[in-house]
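Number of protein chains: 2
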Amino acid sequence: MDEKQFHQISKALADPRRFEILKRIAAEDEIACSDMRCHFPISAATMSHHLKELTNAGLIDLRKEAKFVHMKLRRKVWKEYLSQLNKL
Amino acid sequence: MDEKQFHQISKALADPRRFEILKRIAAEDEIACSDMRCHFPISAATMSHHLKELTNAGLIDLRKEAKFVHMKLRRKVWKEYLSQLNKL
DNA sequence: TCATCAATTAGACGGTCATCGAAATATCAA
DNA sequence: TTGATATTTCGATGACCGTCTAATTGATGA
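Residue numbers (our numbering), protein chains in the order written: chain A, 215 to 302; chain B, 215 to 302.
Think of the hints as simulated: they come from the structure by calculation, not from any bench. A few of these clues could be false.
No copy is singled out in the list; a pair is fine if it fits within one copy or between any two copies.
[Said to hold, decoys possible] Within a straight-line C-alpha distance of at most 25 Å, the following computed DSS-like cross-link-like pairs (lysine-lysine) qualify: (1) K266 - K278; (2) K266 - K301; (3) K281 - K237; (4) K293 - K266.
Starting from the given sequences, assemble the full structure and let the hints guide the process.
Structure (structure tokens):
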């Protein structure tokens with residue numbers, strides 16, 4: 215993992231709401247965007263923004279199926295991030 | 215570790231420079247504030263600000279000795295933070 | 001006591017970011 | 001095709017944050 219991605223992930227985790235979103239994605243094997251919105255009191259635009267940040271950070275994969283977008287944690291990347299932190 | 219501290223730490227790590235500072239503190243057993251300033255091209259005020267953030271997050275301890283301030287990583291807190299992240 | 005050095009605080013500035021509503025895009029169903 | 005639903009994009013707004021200089025506090029040594 216290069217330094218850029220490391221900092222992108224750190225920044226992605228820094229917002230409490232976004233971290234909660236990531237937690238929920240991690241908890242399910244795969245979850246749909248519209249499902250998420252039931253659980254957080256934010257607009258669709260804001261949710262879309264957060265998912266984009268998580269995607270840019272490389273933390274999740276998006277898969278479009280019909281009208282819906284499904285999200286999945288990239289566990290390999292997450293593990294790499296943790297092992298970077300462990301080096302401290 | 216309560217949620218507030220967890221988010222304070224996440225935010226503290228989100229700034230690249232501040233994370234570098236933390237890394238350096240972690241690398242030494244104990245380091246002085248004025249030593250740090252040799253290694254980062256920032257003003258004393260900015261360094262002081264970052265150290266305050268790290269302290270507020272509970273990540274480091276400050277010990278004042280004469281004119282100098284010495285810093286130390288609170289390894290127990292760091293470990294707790296990592297174990298929180300591991301739960302994801 | 002006074003000058004010097006370490007560190008903090010105060011205040012300001014510019015940039016970044018979470019958030020929203022509105023508009024646009026895409027897909028499906030009738 | 002038309003309407004409905006899911007999602008993204010755009011543009012704006014208000015808050016937060018990293019950084020600085022200048023002023024302040026606190027401690028040292030001449």
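Can you tell me if K266 and K301 fall within 25 Å by alpha carbon in one copy, between copies, both or neither? Answer is between: at 23 Å across copies they meet the 25 Å cutoff, but 28 Å inside does not.
With identical chains treated as interchangeable, where does the CA-CA distance between K266 and K278 reach 25 Å or less: within a copy, between copies, both, or neither? Result: close within a single copy only, 14 Å intra versus 44 Å inter.
How do K281 and K237 come out at 25 Å by Cα distance, when the copy is not named: within, between, both, or neither? within (24 Å within a copy, 45 Å between copies)
At most 25 Å between alpha carbons: which applies to K293 and K266, within, between, both or neither? within (20 Å within a copy, 30 Å between copies)
Violated hints for the displayed structure: none, as all numbered hints are satisfied.
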